[in-house]
Amino acid sequence: MTVPRLFKNGIAVTGLVIIVLYVLIIIVSFFWLPFDPSEMNSQRLLEAPSFTSGHLFGTDEFGRDILSRIMKGTTVSLVISIAATALGASFGILMGIWAGYLGGRWDNGIMRIADVLFSFPSLLLAIFVMAILGENTYNVIIAIGIVYIPQFARISRGSIIALKSNEFVRAARSNGAGRTYILFRHLLPNSMAPIIVQISLSLSVAILLESALSFLGLGVQPPEPSWGNMLSSARKVMMLAPWTAIYPGLAIVTLVLGFNLLGDGLRDILDPRLRNVR
Amino acid sequence: MNNETILQVQGLMTEFRTERGIVNAVNDVSFSLERGKTLGIVGESGSGKSVTNLSILKLIQYPPGRITAGQVIFKGENMFERSEEEIRTVRGKHISMIFQDPLTSLNPVIKVWYQIAEALRLHHGMRKKEAKAKSIDLLKLIGIPDAEQRADNYPHQFSGGMRQRVMIAMALSCDPEILIADEPTTALDVTIQAQILELIKNLSREKSTSVIMITHDLGVVADMCDSVCVMYAGRIVERAAIDDLFYDPQHPYTRGLLDSIPRIDRAGGSRLHTISGAPPNLIDIPPGCPFQPRCEKAMNICSKQSPPEFIINGDASRTAACWLHAKEYNNG
Amino acid sequence: MADKDILLDVQDLSVHFPIEKGILFKRKVGAIRAVDGVSFIVRRGEALGLVGESGCGKSTTAMAIAQLQTVTAGHIFFEGKDLAAMSPEELRRERMNFQIVFQDPYSSLNPRMRAGDLIAEPLRIYARRGIITLSEDEIRKKAASLMDRCGLSSSFADRYPHEFSGGQRQRIGIARALALGPKLILADEPVSALDVSIQSQILNLLKDLQDEFDLTFLFIAHDLAVVEYFCSRIAVMYLGHIVETADAAVLYRQPMHPYSRALLSAVPLPDPRRERKRRRIILQGDVPSPSAARSGCPFADRCPEVMDRCRLEAPQLQMVDEEHEVACFLYASPSGFAL
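Chains as they are written, first to last, in the working numbering: chain A, 1 to 278; chain B, 279 to 610; chain C, 611 to 949.
Please note that a few of the clues may not be correct.
To be verified - Below, computed lysine to aspartate or glutamate pairings styled on DMTMM-like, alpha-carbon distance capped at 25 Å:
| # | chain 1 | residue 1 | chain 2 | residue 2 |
| --- | --- | --- | --- | --- |
| 1 | C | K631 | A | D107 |
| 2 | B | K336 | B | E355 |
| 3 | B | K479 | C | D833 |
| 4 | C | K817 | B | D543 |
| 5 | C | K817 | A | E167 |
| 6 | A | K164 | C | D714 |
| 7 | C | K817 | B | E322 |
| 8 | C | K887 | B | D526 |
| 9 | C | K887 | B | D522 |
| 10 | C | K887 | B | E476 |
| 11 | B | K371 | B | E484 |
| 12 | C | K817 | B | D537 |
| 13 | A | K8 | C | E773 |
| 14 | C | K817 | B | E574 |
| 15 | C | K887 | B | D537 |
| 16 | C | K887 | B | D543 |
| 17 | C | K887 | B | D504 |
| 18 | B | K479 | C | E885 |
| 19 | C | K887 | B | D521 |
| 20 | A | K164 | C | E630 |
| 21 | B | K418 | C | D911 |
| 22 | A | K164 | C | D727 |
| 23 | C | K793 | A | E167 |
| 24 | B | K485 | C | E885 |
| 25 | C | K752 | A | E167 |
| 26 | A | K164 | C | E773 |
| 27 | B | K389 | C | D896 |
| 28 | C | K638 | A | D107 |
| 29 | B | K418 | C | D896 |
| 30 | A | K8 | B | E297 |
| 31 | A | K164 | C | E799 |
| 32 | A | K164 | C | E699 |
| 33 | B | K389 | B | D379 |
| 34 | A | K164 | C | E704 |
| 35 | B | K575 | B | D537 |
| 36 | B | K479 | C | D896 |
| 37 | C | K631 | A | D115 |
| 38 | C | K887 | B | E484 |
| 39 | B | K406 | B | E363 |
It is worth saying that the hints were derived from the structure and are not from the lab. Note that this is a predicted model, so its numbers are computed, not measured.
Let the sequences and hints guide you as you build the complete structure.
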């Protein structure tokens, strides 16, 4: 029922198309890249984009092909964004649904911890965590994941609290159902709509966070290409060779846009008020 | 008794466009209301009783709703030919409404007296002070204790019954000629319902206000109304003076409804009469008479052709939309 | 006491909800006394009606009996056994014997489960825990036969709740309540969310099921006509207290407590000629808040026949006739015994 509705929603489809495009780029990049992304070429430093040279997006200050680096960086960006969201979502949802369902002291305890995490700006919190853990790609995942935990905890707690006053929960209890059963069989499936929307939006924010961290030199470490550290190194030569900044920036913007469109579309599709019930 | 007709509704049709198709919420509805009288409109959920009355005041949101045909003649003038500006004056000043849920109908962040005074200032150009005094008078009239102090309260500080009384005070603030009450007591307890109904009855008697009482409760109808229209699937299936409806129902739906309600004045124990099935989905109303699939007396014609409103005993105000009353099928 | 006829015995039941203040360190500043010292019995095979207006504690009483609500004080004996004294495992076994039919046919069914699964769910839970032994096939057959019995074609088993009308959904709820073969049904306003023409269908169904399965009912409703039709005995509640219990016919013919009288007279009859002749007792004011401190009779503030004594001490339920108890000083002799 939801799938055909997804395809009727233009916004969601646009987002989905963009994301699928990037996934295709990743697949292609495993087998073929225009140039070796880490091969330096002192003959072709900061070359402007051109068809004749084969460097469609130009080269950077070490003469490396920007298109190849962007394609390679897609994998890093998407993997980080998906893994960090998965990490944040799984811990956050578990915390949130138990807090919401058990209520009382549990709720108070869990949510105050979440509040503390929540009170830091996302990027600042991620920088803290990176500073503690050290700079490497796996730690970027953990840092962004930790930023996400309170966000998912909030959302899932809210929807569980709204749902648990439903009589079907009482009905299940009167039928001898246990807590875990009620939580996973009755409450969680009904609270998925806002969580799915949050997931798609988190995926896009993760791209931005990863880029920001890498830009600050805390994320993915060179020479491994990531969109963020490409931008970071482009900073010095941006005035001279704007393409070094424009193309990685465009990559970030379009993928973030894709996730956001999908999230917005899903929000409309999953909103029960917009669904026609007889 | 003067029998001046104050409101006349003729051939009203209202439809809603939905994803699944067009819903004919009100289908060719006509009735008239006399000054000082109370008309009941009874029906179950989805029968179109509320939409009918929203249509009278042109309060149908477009889209998805649209009034496609009909006339509403208020004191000799067709409301649908008036401008939006003119209708707004009629609303509130001449015709007021009270709704089922008094909490959502009141603004939670505005003091009670101010909400009552709003209509007075709007329609009568009263000054703030004057309007406040009149609002307090109205609160006293509807039996709110310590009206002077309570006037400064916010709606959530009032109980459900008191909020409904505030709604009535708002509706009455401009001495309307017609009061439309849409399930005014459904959300309230019986002892509070009794207070509210008594209040409406007294006010309509004193000021000879006409009342349209929309309800699903036949007890409330018996208590309040002079005449009744019974609605089913967007149509009026029977109209009658109050006693005729209860003691001599002519439409099988009315009869079934009266027989199927449990009553405290009759001994329990025996099985209740039931009407089988459920009211139809308005998107696909069955062909012919909308009640025919549930009707015990359904005949061949019923599923083929929708029955017109037949006049009973030569009294134009007494009709039943049922083929049983057509000459060729009526063998009794 | 050990009367074999008594299925449910509620003694001095109280449910208070604490009113708390403070965000991090909550302290109790008062209590809403939703149910305040309620005692009654339900005999095997009867239908006891619990009537009262919103906030009188009737639903809370039912939820406390179903062990879905923490009890502040008092005891609930089911077939002579104290439910509060049971271990969670014993209680789970006992739950098979009392099941609930809920008020709202929309929120009482999980929107993501199919009708057949909703009805089979209690059976599956008990089978998985090894309390009953039924194969998946048998469970499915039983669910199908329950659907048929409750007037729903078992071919609808694969449909979701939103594909059914309100009345049909209530039938699903009833079939689910019957699945474990209960002795007692706690019916919490089972028809008040339904249309008039559907109410009578559901009431008839419940009555037929009562005969067929030897069910006992605790029937909670605010609609007196519905209660009178369905129940043999009625208890009237006001502000957490039972003010009168009587045989259904007796209560309607001869209500004794001033609140019962006002309640009955407030119900409009679908009979215009009698309506015109009736004198209605219109109560003044609203139901007071159940959190307010109170000494004396809970109804004293609104009672048309209030006496000085009523404001000082609370009247106890006293037998005034066989099967007729009332908590009102009007019927008490000075020595405290019933007239």
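Consistency of the hints with the structure:
1. K631/C <-> D107/A: holds (16 Å)
2. K336/B <-> E355/B: Given pair K336/B, E355/B holds - Cα atoms ~14 Å apart, limit 25 Å.
3. K479/B <-> D833/C: Distance of about 23 Å is within 25 Å: holds.
4. K817/C <-> D543/B: holds (20 Å)
5. K817/C <-> E167/A: Status holds; Cα separation ~23 Å.
6. K164/A <-> D714/C: Distance ~15 Å between K164/A and D714/C Cα, so the pair holds.
7. K817/C <-> E322/B: Answer holds: K817/C to E322/B is near 23 Å, not above 25 Å.
8. K887/C <-> D526/B: holds (20 Å)
9. K887/C <-> D522/B: holds (17 Å)
10. K887/C <-> E476/B: Given pair K887/C, E476/B holds - Cα atoms ~14 Å apart, limit 25 Å.
11. K371/B <-> E484/B: holds (18 Å)
12. K817/C <-> D537/B: holds (17 Å)
13. K8/A <-> E773/C: holds (22 Å)
14. K817/C <-> E574/B: holds (23 Å)
15. K887/C <-> D537/B: Between K887/C and D537/B the Cα gap is close to 22 Å, so the pair holds against 25 Å.
16. K887/C <-> D543/B: Roughly 14 Å separates the two Cα atoms, so the pair holds.
17. K887/C <-> D504/B: Cα-Cα ~15 Å, so holds.
18. K479/B <-> E885/C: Given pair K479/B, E885/C holds - Cα atoms ~13 Å apart, limit 25 Å.
19. K887/C <-> D521/B: Roughly 14 Å between the alpha carbons, so the hint for K887/C and D521/B holds.
20. K164/A <-> E630/C: Given pair K164/A, E630/C holds - Cα atoms ~21 Å apart, limit 25 Å.
21. K418/B <-> D911/C: holds (20 Å)
22. K164/A <-> D727/C: Roughly 20 Å between the alpha carbons, so the hint for K164/A and D727/C holds.
23. K793/C <-> E167/A: Cα-Cα ~21 Å, so holds.
24. K485/B <-> E885/C: With Cα atoms ~22 Å apart, K485/B and E885/C stay inside 25 Å; holds.
25. K752/C <-> E167/A: holds (24 Å)
26. K164/A <-> E773/C: holds (23 Å)
27. K389/B <-> D896/C: At roughly 21 Å apart (the allowed maximum being 25 Å), D896/C and K389/B satisfy the hint.
28. K638/C <-> D107/A: Cα-Cα ~18 Å, so holds.
29. K418/B <-> D896/C: holds (16 Å)
30. K8/A <-> E297/B: holds (13 Å)
31. K164/A <-> E799/C: The hint holds at about 20 Å.
32. K164/A <-> E699/C: Distance of about 23 Å is within 25 Å: holds.
33. K389/B <-> D379/B: Measuring from Cα to Cα gives roughly 18 Å; hence the hint holds.
34. K164/A <-> E704/C: Measuring from Cα to Cα gives roughly 24 Å; hence the hint holds.
35. K575/B <-> D537/B: Roughly 15 Å separates the two Cα atoms, so the pair holds.
36. K479/B <-> D896/C: holds (20 Å)
37. K631/C <-> D115/A: holds (20 Å)
38. K887/C <-> E484/B: holds (20 Å)
39. K406/B <-> E363/B: holds (23 Å)
Checked against the numbered hints listed earlier, the structure breaks none of them; every hint is satisfied.
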